[in-house]
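Could you put the whole structure together from the sequences, leaning on the hints where they help?
In order, the protein sequences belong to chains B and A. Oh and the first sequence: position 88 is 88 in my numbering, straight run, nothing missing. Take the position in the second sequence, starting the count at 1, then add 94; the result is the number in my numbering.
No lab work stands behind these hints: they were computed from the structure. Beta carbons: idealized from backbone N, C-alpha and C, even for Gly. Treat the hints with caution; some may be incorrect.
Unchecked claim - Here's a subset of chain A near chain B, in silico, CB distances under 7 Å, partners left out:
1. Ile136
2. Ser164
3. Glu165
There are 2 protein chains.
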Amino acid sequence: MSDDNSVFIGNKPFMNYVTSVVVQFTTKGAKEVTVKARGKFISRAVDVSEVAMKRFLKGQIGLKEIRIDSEEFKNKEGQDVRVSSIEIVLEKTA
Amino acid sequence: MSDDNSVFIGNKPFMNYVTSVVVQFTTKGAKEVTVKARGKFISRAVDVSEVAMKRFLKGQIGLKEIRIDSEEFKNKEGQDVRVSSIEIVLEKTA
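Next comes the structure, spelled out in structure tokens:
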């Protein structure tokens, strides 16, 4: 899966990400788009995916797969910190 | 799947939820536990699941399925609001 078909969720306005997903499926003709996020942005990744599936591309895309993962590393204070991530794979259905 | 095997993620201290998951698998002998959350708590549900799988019950439980959904309703100002939810199903593997 090419990174061109990924949308990384961050701090920008919510609709920017929804639009990215929609454009990849429509203008760019992608068969799959992966919505990716880490940490607190995971909730937003679910929101973006739901709005794309149930409103903007209703009946045209569906959920293919959801993957979760986490990485552990040391923060500045030397403490072990675990950060979770999610990848929501959406696919064209019609 | 009985609600006894569900853990709803909210505002309580993080380890309360991890402990709930661990106790259901160990003391209560559950074969499956579903970690559920809505809105901003979705990120936390992923964190709880990851910590249970990779730290406390490493090698003993795994990810079975992840479901996402959303509901639309009107808020106090009469605007349509969509709230996402997640259900992460963990299962005993050993």
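Taking each numbered hint in turn, which are not upheld by the structure, reported in ascending numerical order?
Of the numbered hints, just 3 does not hold.
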